[in-house]
Amino acid sequence: MITNKKGRRSEVKVESSKNMVGHGDIRVVHRGGSKINFRQPVITNDSRLLLCASGECVKVFSTSTEECVHNLRGHTDLVTGVLLKPSNQLQAYSCSLDGTVRLWDFMEGILIKTYDIGYSIYSIHTSAFHKGVTFIVTSTLSDKRSESFQLVAVRLPQSGDQLTKAQELSAVIGDVSSNPAAIVFGREGEYIASANGLHLEVFFFKKQKTFSFFLKKDNKKGGRNTFMCVAAHPKDDCIATGHEDGKIRLWRNFNHKKEYTYSTMHWHSNAVSSMSFTPEGTNLLSGGVESVLVLWRYNDVSQRDFLPRLGSAITHIAISPDGALFCTSHSDNKINIIQGIKVSAVLQGLVTGERVETDLIVDPRSKSLVLNGRPGHLQFYSLDRDKLVYNLDIVQQEYIHQWGLQQFKVVKVAFDACGNWMATVEERKQNVAELELNLKLWAFDEQTQSFVLNTTVSAPHESRITGMCFCQATASQTTMLISASEDGHFKAWQLTRSAQGEDEGPSLTCDFVGAYRGLVPECCCFSADGSLLAVGFQEVVTVWSPASWDLLTTLSQPPKAIRNLCFGQLSCSKYLVGTTDDHLLCCWNLLTCSLEWSTSMDISLLLSDPLTENIAVFCCHAGSTDFFVFKPSEPRPVFSLKAVCSGKVTHAVFAPREEMLESSEESSQWLNYSQLYFLTQCMDLMTFSTKAEEDKLMASSRQLMIDDSVAMTPFYLLLGKHRKGESGDAVSSASAERPPLPQGSEAIKELLRTPAHVLPSTSVLCSMFVKSLLVSVGDASEESNHPKEEMESEKEEEDEEEDREMQSKVSRPRRGALDGLCAERAAPALTKPQRRELRQFMKLDHSWLAGLPHS
Amino acid sequence: MASYKPTQIQVYPKPGEEATQDTLYWKNYEQIQIKEFGAVSSIDFSPVAPHNFAVTAFTRIHIYGPYSLEPLKSLTGFKNTAYCARFRSDGQLLVAGCEDSVVRLFDVSGKVALRVFKGHTKAVHVTDFTSNRYQIFTGSDDYTCRLWDLPNATELNSYREHTDYIRCGVTSKLNRDLFITGSYDHTLKLFDARADKSVMTMDHGQPVESLLLYPSEGLLVSAGGRHVKVWDLLKGGQPLVSLKNHHKTVTCLCLSSNGQRLLSASLDRHVKVYNTTNFKAVHNFDYDASILSLALAPDDESIVVGMTNNILSIKHRKRPDESEAVPSQPRRRPSYRMPVKGKNYAPKQEDYLVSRPVKEYLAQYDKQLKKFNVSKALDSALEIWRRKRSPEVMVAVMKELDRRGTLKNALAGRDEQGLGSLLHFLLGNVVDPRFAPVLVTAAEMILDVYKQVVGQSPLVDRQLLRLQELLEKELGYQKDLIEVLGMLDTIFASSLPKTEVPCPGSSRANGLTPGVMGTSRPQPHAT
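Protein chains in written order, with our numbering: chain A, 1 to 855; chain B, 1001 to 1527.
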């Protein structure tokens, strides 16, 4: 038994954590991509690929299939900008907070060069008219932490090295915004415009002159003039600026201090977050919180086209270089690719938002992770494929995109044991007094393979719902749902078949309302077999029998309220584990109704694995999170890991594995049946992964790589043989003398290696190629010279080793003989293995060759 | 790009009873009313085919046909109030008592009484034929009941056992000698004509107003006071059930023709329908006045009710074929002048069907909401309410506008007429508990917006005053209800038995000392 003496307990902890470091086979890894809407995405010249910054890497998506083609990894901090290289459209720059600019070949996914700048870079800008110079935004050099930024021109050195240091920095404009949308190059790179706060600066490169324009903070009508984004017309001297109050101003004649003019266009009701001119300059696209893409005609601003209901607030707009494809990135971690007036593809990442109101939950049927994503929706995210499966509209109301509007939020989700029923709670708090609550029950529909609304209970409680859980016992006949609320009651809801007919299915009805001394219930939990219900009423835990609704017993742990409760599983089902507000972890034995043990730790999250006895605990300690796995019946923790991540972990879930791991090691056994996923404070989805698992993953990916390198053609067989032979040689007889490669195969190799576009025409090559394969007359005479040896070697064809020795014997005299012949004959002689290969080659199917001329 | 999601019209639970099979059955009647000359004291259906019925009211007996509004025949000649007209089982003869103690026998086709039975000394309230068709049985206010011979109009027997008025009685349909009487002395007595005394006596507890024998004649139902009681005759008059569903005296009983339902009518203006298997009330009819008499036509074709306000209410069963007769003609499809190619093409099994995209039609208010025309959306919802009188749409649109934060804008800027119709809507629905949360905020907003213009329009002012009145009344109701609730709470709290919940924490500081509790309590095995 664990005593609650702090000293002894902590000793155990230290010891075990040391163990873990020693093993090092369980690591915390990222799961589920980071944000893809952080910065403006880039569409490549051929409109086939889309590049976007995502966490510490750059992702390359296909615009037609929505698949991620490459993950450009290399940066060590947040990537803050991606840009095509103006001089070579097949390469892209990316900049990051780690102070480097990297050049990538995004078609192949290769890092070409790294330029070390030395300062954190917040955005990057280039122009085709400024060769060799890139413009980056860094924080003002003197103070790294300051909130003021400056635009700096950097000459990237042209050297062959992988890693070069760029030191030629020159400041262009001081005091700019870190938002990349607020800086733009003007017509033919003549000027650069930057907006920050309430002033717009235009810097002309030729005259080396800056013009500044100021706006008043507020005008009389209540408009707010703060600049949000800037766009420059590609053919005309015109700058468009978007403002906080939704106005768009078109600035002209700005190369004069006084005579500048601007015209105002107003459609957006909230801030314009992104704007872009089409490459021809005929249209201006703008977007904002309204989630409507507005297309303004440049020549006739009164004409507008709209693309409404794009899902959520538009954060960035990008246009392909040919102007055919638009893409909009949205605040819900989504990129829409729009062709014409239709959304042709959607890249949707895991939506985590600022808060996850619903906990992380695993859908028992699809084994996908469920959490609230888009406003009013639930997202089902497949953990295996790392992809969003679908969004389920819970609120089923038109979403009004407007600042300051209180919307319905999905706050609680629960699934029953087999995933046939799902319960959701949505709430909307308009003001302090009014709270709108809806409890909805969803039934799984086999035909459509999704959830269908079954029952809506409006205002199930008078106040916020603090906890909700389904009875998880698979054997029970009835489906029971418990909801606990701040109004001091908990209610039991039961599925009942309606009285009069079979035409309507079962629906949800209230079965029992429970309360305890007017206290507020804060958490509820069913035991694994569904025979007990524990409800935490502040500092008192009440245990009820769902069959008769009798209060069986109360357990209390004053003076602080109970925060989390969970029953032990399987062999530990007699234990009830709870955490309190005063950093206490308590374990009660339900058979004796007494406290078994308790220990002091600042626990932020407690959850039990439904498949094993294990209970996982995240505790917050000195700004970082420690992690423990224990069994309620044993004093030693099964596993512990210090400093898993920084910040508090408040959401985690055990997801059952597809196939069981067979780890016998004590420390990783707890991961055999299920995997633990958790959300860090910065909303990154992480998981614990074992070494064996990673190895498996690596192996499968490597295999894939070999498979698709060369197609299965006769050439592949020829090549493959050679490679295999070489490698086998190197391994088996490293000391043995390497046979000189015959000239003929060298020619073939050359032919195969050279890129197709530099080769001469096929007619020229063909004769050469055939000649190289031909058995020359010279060889025949040689063969007659050494008939015996030839015979010998053919006999021992099977034996590789002997054959090689034989070769070396044969080749030496032949080289001598060939010395004279070489002058006359271009065709090189063939060695025996070559000839053997040739024979093999003859036997092969050549039908593919016949097909070539036709294609 | 998602499409516009239309406003959800919330389905509210309907106040009142649930629609069961019974309510559907008993609601399917249409009512006609006929004015009689006095309170309708008795109604009897003829047992033979056209099922005419005799209505006894004041000094007349009217015989109505099944669908006639005018009486087919009127039997007069009573010197005083007539009582209890009854048909013989062949429907040819009819007997009736009278306030002047004379019992008269009529031929249904004739006008003048065929026989007159004199012998009672006080008003005769009960008359009936016995099952052999040649005798009648009467009960009178002189505490006697008598048997009479029809052919020669002589008194066969007289029983004087009751000690108060005899006001109801029933003869057995299976045995010609048995009849049962109910009296104001609270007793029911079963008489056998072959014996000189009553063979069975049951105590109802209240003055008995009505009696009913089951078709099997094993069960007897009696009504008196607020109670309806069922007696088992085969077990010697053992009481089976006592029903107390009325809050005034039950005056009349009736069985539905298949014997599955029992109907009881009362002075509290209700007719209640009971299931005869579990004796639960399954339906309820409301009438305008206290009910004195009730009868059901064979096969429940009509329900006839007589009331104290001289009104005879006849409810006829609605015929299902009547409603379907009108649209029997097939609707003509619009004919196409140009032949549509492939109109008659039937897809084969292997064909891949490409369905035409279904165009979604939005309601008018949704169209306006989609365009953010808030005032117009509210107007079109108001229009729907004006046409259909269903406030759900209006409430849903108001809720949606409130969610969008534009309800105030939608309510503002209306002229006298517009504001008038809005207030009219509010007056009708603001106190409905289903809509109150939404409508109260709307009413507050209206008062906020229009408080400057109060006093400019007499129409609006009148409506505002009515609104104020309505709300004050509602507040009074709520106060009363809360008082009642408080009273009920105290009653419930005192009546509930106190259960002791085992709480280890209450006896000690907390459960930290294990073992003590473990020994005191039997340990169940771990699951």
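What the hints contain is simulated information worked out from the structure, not anything from laboratory work.
Each hint should be verified, as a subset may be incorrect.
Listed below are the simulated EDC-like cross-link pairs for lysine to aspartate or glutamate, each with C-alpha atoms no more than 16 Å apart in a straight line [what the hints assert, rightly or not]:
{"no.": "1", "chain 1": "B", "residue 1": "K1370", "chain 2": "A", "residue 2": "E56"}
{"no.": "2", "chain 1": "B", "residue 1": "K1005", "chain 2": "A", "residue 2": "E398"}
{"no.": "3", "chain 1": "B", "residue 1": "K1272", "chain 2": "B", "residue 2": "D1232"}
Negatives, chain A to chain B, calculated, CB over 10 Å [what the hints assert, rightly or not]:
{"no.": "4", "residue": "R309"}
{"no.": "5", "residue": "I400"}
{"no.": "6", "residue": "A492"}
{"no.": "7", "residue": "C682"}
{"no.": "8", "residue": "C766"}
Each residue gets a CB set at the ideal place from its N, CA and C atoms; glycine is no exception.
Hints, one by one, checked against the model:
1. Note on K1370/B and E56/A: the hinted pairing is violated, with a Cα-Cα distance of about 41 Å set against a maximum of 16 Å.
2. Simply put, K1005/B and E398/A have alpha-carbon atoms about 5 Å apart, close enough for the 16 Å limit, and the pair holds.
3. A distance of roughly 22 Å separates the Cα atoms of K1272/B and D1232/B; the hinted pair therefore is violated under the 16 Å criterion.
4. Residue placement check: R309/A does not keep its beta carbon more than 10 Å from all beta carbons of chain B (closest about 5 Å).
5. At roughly 5 Å, the least C-beta separation between I400/A and chain B is not larger than 10 Å, which violates its mark as non-interface.
6. Against the 10 Å criterion, A492/A stays outside the reach of chain B, whose nearest CB is about 18 Å from its own CB.
7. Look at C682/A: its CB is around 29 Å from the nearest CB on chain B, clear of 10 Å, so calling it non-interface holds up.
8. The claim that C766/A is not at the interface with chain B holds, since no C-beta of that chain comes within 10 Å of its own (minimum 48 Å).
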